[in-house]
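Each chain, letter by letter, is given below.
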Amino acid sequence: MTYKLLIVDDSKLARMAAAKAMKALYPDWGRVEASNADEALALAQEGTFDVALVDFNMPGRDGLQLAADLRERNPSMPLAVVSANHQDEILARAKAIGAAFLHKPLTEQILGTFLEGAIRQLKSAKS
Amino acid sequence: MTDETAELLTELQIDALTELVNIGVSRAATSLRELVRAQVHLSVPSVRLVSRAGAIQILSEREINNLVAVHQVFEGDITGRALLIFPEKKSLELVRAITGGELPLEDIIELEQEALAETGNILLNSCLATIANMLHRSLKMSLPEVLRGDARTFFSLAPPPEAGDVVMFLYINFAVRERDIHGYIAMIMDLPSLTALKHLLVEFIARTTGELAP
Chain A
1 MTYKLLIVDD
11 SKLARMAAAK
21 AMKALYPDWG
31 RVEASNADEA
41 LALAQEGTFD
51 VALVDFNMPG
61 RDGLQLAADL
71 RERNPSMPLA
81 VVSANHQDEI
91 LARAKAIGAA
101 FLHKPLTEQI
111 LGTFLEGAIR
121 QLKSAKS
Chain E
1 MTDETAELLT
11 ELQIDALTEL
21 VNIGVSRAAT
31 SLRELVRAQV
41 HLSVPSVRLV
51 SRAGAIQILS
61 EREINNLVAV
71 HQVFEGDITG
81 RALLIFPEKK
91 SLELVRAITG
101 GELPLEDIIE
111 LEQEALAETG
121 NILLNSCLAT
131 IANMLHRSLK
141 MSLPEVLRGD
151 ARTFFSLAPP
161 PEAGDVVMFL
171 YINFAVRERD
181 IHGYIAMIMD
191 LPSLTALKHL
201 LVEFIARTTG
211 ELAP
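Quick note, the sequences are listed as chains A and E, same order.
Mapping to this note's numbering: the first sequence position 88 is 88, numbers consecutive.
Mapping to this note's numbering: the second sequence position 80 is 80, numbers consecutive.
Same shape as in the complex, but just chain E (with noise of 0.2 Å):
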């Protein structure tokens, strides 16, 4: 990682963070399963943290313009905007893949800003919960949205963002019958935020292992 904003982990902390999301998405899919009635495969292969100005260049990279976003907004010790992005192409396909694929284009788009709001809402709810009852804190979460735009508008809600803000980014792998849909999670916090994190993994860590985190 090249990103600065590395640095403000350690190499343990951001192990612990990404074994939090990973439970967090495995319940994600527990629960996931319920509605889509077929085994959902989630998996969260790393976490990175990095600036905002890193989260939208590696998005803009990766992604054309047209993006989804499911954007609920965390409030407690941590307080910052937690987003599940898709390309726009998939959301349909997500919608598609929990529905069975069965149901005619119109009755598709219809149901996507539900279905998209009730997965993100699973999933953002499931990761933000997760980490908050494991640091043994609580967090407050606002109703999910859908959004449109491109990682520039997803990175720059109002109110304005700080300049300080972080992202703790996340690729997410998602399939459900033989659709395989990838998206991503981010969670944007400002640098008290980051910092108040900080602390409670190292308690949690020091709880978890027995020892003194370094």
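Looking at chain A on its own, in the form it has when it is part of the complex (with noise of 0.2 Å):
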């Protein structure tokens, strides 16, 4: 069973990374990128992934409003906030969304963490 990741990053270079790691760790997986806010809920209108990475640090509404309003729309959907600003404040609101948090720079292992413990949860919301 393969999966689509969604990764927004107003960084070109944070989405090539993000992409590198998921190159190596699950091949087969579709992939789309956004570079902010807007772009990620058109693409959550025509519904195309099952999980998303999401940057906090972006230009116009930030990564956890945006998680905010994936989760609204998907309640079961694996996601995380990934960010270098790992405040009290910033980790309680995350959680309180529903989403994981990721430290930047995001490395293979991280991903892969965050990514494992995703499917698990995909397959139970289908089972």
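The hints are all genuine.
Derived Cβ-Cβ restraints for the label pairs, each shown as a range: (1) A:Asp69 <-> E:Ser46: 20 to 30 Å; (2) E:Lys140 <-> A:Arg61: 35 to 45 Å; (3) A:Lys95 <-> E:Glu75: 40 to 50 Å; (4) E:His136 <-> A:Gly112: 21 to 31 Å; (5) A:Gly60 <-> E:Glu7: 25 to 35 Å; (6) E:Glu75 <-> A:Tyr3: 42 to 52 Å; (7) E:Ala38 <-> A:Gly60: 21 to 31 Å; (8) E:His136 <-> A:Ala96: 30 to 40 Å; (9) A:Pro27 <-> E:Gln113: 51 to 61 Å; (10) A:Gln45 <-> E:Glu75: 48 to 58 Å; (11) A:Gly60 <-> E:Arg37: 24 to 34 Å; (12) E:Tyr171 <-> A:Gly98: 30 to 40 Å.
Please keep in mind that the hints were generated in silico from the structure rather than gathered at the bench.
Note that beta-carbon positions come from the ideal geometry of N, C-alpha and C, so glycine has one too.
Can you join these two chains into the complex? Each is in its own frame, and there are hints to help.
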């Protein structure tokens, strides 16, 4: 079973880094990218992804606001907010939304651990 | 960008540099939160490369002349100066934000120097250390020094700058306890340092994306 991952980050480099980690971890998965919250929500409207990876610090609406919007549309989708800014308030908001918090710079290991959990979650949601 | 120095780095290299600074600033926000004991909002919208004259012009157009800066020198493969610049009025505001705003004015003025140096030290060190670590290089940093003056003073510090100096200029938003403070971070480098930075960015991009940069 393969899934599709949404990568949201205003930095092209950060999206390329996440894509590289994905190619190593789950080369069969699909991938869609957005550079801001609006683009991500447009993709969500088409319902084209199963898991979302959202950068926190973006111009316009930040990653936590976007994560909350995505959560509202899909209560069970695995979500992660990615940032080097791990202040208590940010971790608490991510938790309240039901999103994982991943440290930047994103490594293959960090992403791999999150995706293992995400796969379990997706499988149990189906069964 | 119309400035000729913008051509020195490619779009992806500027993107990579912005991302490094963003990670540095995000880490600094986490450290400052410990100091301030309230959530610190910090963001860097974009990084621009400008000439020294261009940096002076931007600052002079946007701000009145009374500015305060925290200044640190960095040395290594890349050598230059880093400055965190605030309008002087905002610097007292920053101290109020950090201390919680319950102190009388004389105490705030007394604390200003120290609070500025500490904030600048955390922010600038975090940016420079992130850049250095992620580019696999080490940078030596001097102690922070608080300066007062205008754009021209800050960008003409002795020893006399080279004519070809490039300034990595970024606008930074800083908010804590409902106080909104904006400032600037500037990194002044000479052309050999910028060339070294460009090479390190090429390597970093290749490592990070698994693709060779154009």
